[in-house]
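Peer 1: Below are the chains, spelled out letter by letter.
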Amino acid sequence: MPDEHSRILCKITQDSIDLQELIDFVADPSAGAMTTFVGTTRNTNDGRRVIRLEYECYPGMAEKEMSKIGAEALARWPIKKIAMSHRLGQVDIGEASVAIAVSAGHRHAAFEACHYAINQLKETVPIWKKELYEGGELWIGAQTGTTGSFQRVQEEDRA
Amino acid sequence: MRIKLRFFASLRERLGRSEEMREVPPGATVGTVWELLKREHPELAAVERSLAFAVAQEYVDKTHPLQDNDELAFIPPVSGGVDA
Numbered sequence: 058m059p060d061e062h063s064r065i066l067c068k069i070t071q072d073s074i075d076l077q078e079l080i081d082f083v084a085d086p087s088a089g090a091m092t093t094f095v096g097t098t099r100n101t102n103d104g105r106r107v108i109r110l111e112y113e114c115y116p117g118m119a120e121k122e123m124s125k126i127g128a129e130a131l132a133r134w135p136i137k138k139i140a141m142s143h144r145l146g147q148v149d150i151g152e153a154s155v156a157i158a159v160s161a162g163h164r165h166a167a168f169e170a171c172h173y174a175i176n177q178l179k180e181t182v183p184i185w186k187k188e189l190y191e192g193g194e195l196w197i198g199a200q201t202g203t204t205g206s207f208q209r210v211q212e213e214d215r216a
Numbered sequence: 052m053r054i055k056l057r058f059f060a061s062l063r064e065r066l067g068r069s070e071e072m073r074e075v076p077p078g079a080t081v082g083t084v085w086e087l088l089k090r091e092h093p094e095l096a097a098v099e100r101s102l103a104f105a106v107a108q109e110y111v112d113k114t115h116p117l118q119d120n121d122e123l124a125f126i127p128p129v130s131g132g133v134d135a
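Chains A and W, in that order, give the protein sequences. Going by our numbering, 79 is the number at position 22 of the first sequence; the sequence numbering is gapless. Going by our numbering, 102 is the number at position 51 of the second sequence; the sequence numbering is gapless.
Here chain W stands alone, though its shape is the one from the complex (with noise of 0.2 Å):
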């Protein structure tokens, strides 16, 4: 299957681009590819706590199945508004 994965914010700059195009196995879910990714950038483990995951713009947890031609999207902590 074929994902298009989208990186924000802080984890965009971390990895030097916004979006790629992935192969991943057939019953691959959220977690895989976030475990793929891992493997390629250790120092993501760092953000993993805070970190949020969408398909098709609506958020998923890890568990979630992805099909062929879905866009995974990355979700540092959300900051819009303002602290006041």
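Pulled out of the complex, with its shape left as it was, chain A reads as follows (with noise of 0.2 Å):
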């Protein structure tokens, strides 16, 4: 098995997400199943109208967060590799902010390390994101906070 470093991708980026790129990067001869995701931009949440979003992040520290979802997919799950793009910056409606792909020898590992890998991206990656609606503007999180569940996370990983 090649090492951990050649079987993850990680790509922060003011572009388009080019989910082509990530298919291609986890295609391994002895993969069984693909599995992709792709979050877009919804055009409401929580009853408001959303124009579009931005979103900004911690260089280097969100690359870092990144790597360490995936070495602990990797670990945790028979695959064979995960690629995960996040954009930053303005994103309209409809478009991509976030996608992942994972390949495994059979499904159920490829389905359930691409589940982990985007629930761990929303908790840990210091990844921000600005909703924009129709009235106003919003940091999303910022009201209710997540640090109680980061600290969750911090806990299993120590267990």
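Hints are computed from structural coordinates only; laboratory data are not their basis. Be aware that one or more of the hints could be misleading.
Taking lysine-lysine pairs in the DSS-like style, the calculated list, with each CA pair at most 30 Å apart, reads [what the hints assert, rightly or not]: (1) A/Lys68 <-> W/Lys89; (2) A/Lys121 <-> W/Lys55; (3) W/Lys89 <-> A/Lys121; (4) W/Lys55 <-> A/Lys187; (5) A/Lys68 <-> A/Lys121; (6) W/Lys113 <-> W/Lys55; (7) A/Lys125 <-> A/Lys68.
Join these two chains into a complex; the hints should help.
Peer 2: And the structure:
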């Protein structure tokens, strides 16, 4: 099996997400399954009419935290490769802000690892989203806070 | 010691700046710097419960000791991805 580094792709990009690039990265002759997840900007949120989203990140740390998620997924499930891409800046309605691709020998592991990766990405990767809606703007998460769940993730890692 | 502070997202907008250099006493921890900031901006107390901290781009807690030239980032609740 190739080393971990060559089995994980993490991208943070100002451009449109290229899903095919992620699929090409995870393609593997020993894989019998590939799963992909694409998260897109929805036109409503909590009853607000959304105009667009704007993402920013902590450069360097965001890539590091994404790589950790990839390494965790490789350690937990018998998957071949994993690729993740997150877009920054303005993302219009219907466009992709995040995409994940996973390959595995069998579909169960590919689905599970992909699900895990998107959930973890939302908890630990320092990326922030501002929602511009009709009548205002809002940093998502800043009202309720996600630190509680972040601490839970850390505790699980230590256990 | 000189420490670089970085602010993101809602915190950056609240403070009106994305980074600053700050002189802190030897032995200072992440919590020491946070208390200093709160004294200057009492409104920050409202975000304390949801804030995370990173030094040298790794999550740490408030007791983490700082070293000269460290970069300390204040991380409001993250919200990458989509709420799908």
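Peer 1: Decide if the proposed pair is consistent with the structure: W/Lys55 and A/Lys187, CA atoms, cutoff 30 Å inclusive.
Peer 2: holds (25 Å)
Peer 1: Hinted pair, alpha-carbon criterion (30 Å max): W/Lys89, A/Lys121. Please report holds or violated.
Peer 2: holds (29 Å)
Peer 1: Do the alpha carbons of A/Lys68 and A/Lys121 lie within 30 Å of each other, as the hint requires?
Peer 2: Measuring from Cα to Cα gives roughly 10 Å; hence the hint holds.
Peer 1: Hinted pair, alpha-carbon criterion (30 Å max): W/Lys113, W/Lys55. Please report holds or violated.
Peer 2: Measuring from Cα to Cα gives roughly 16 Å; hence the hint holds.
Peer 1: Straight-line Cα separation of A/Lys125 and A/Lys68 no greater than 30 Å?
Peer 2: Measuring from Cα to Cα gives roughly 13 Å; hence the hint holds.
Peer 1: Would the hint linking A/Lys121 and W/Lys55 be met if the CA-CA limit is 30 Å?
Peer 2: Holds, at roughly 20 Å.
Peer 1: Would you check the hint for A/Lys68 and W/Lys89, treating anything up to 30 Å between C-alpha atoms as holding?
Peer 2: This hinted pair is violated, its Cα atoms lying about 35 Å apart.
The structure shown violates just one earlier hint, number 1.
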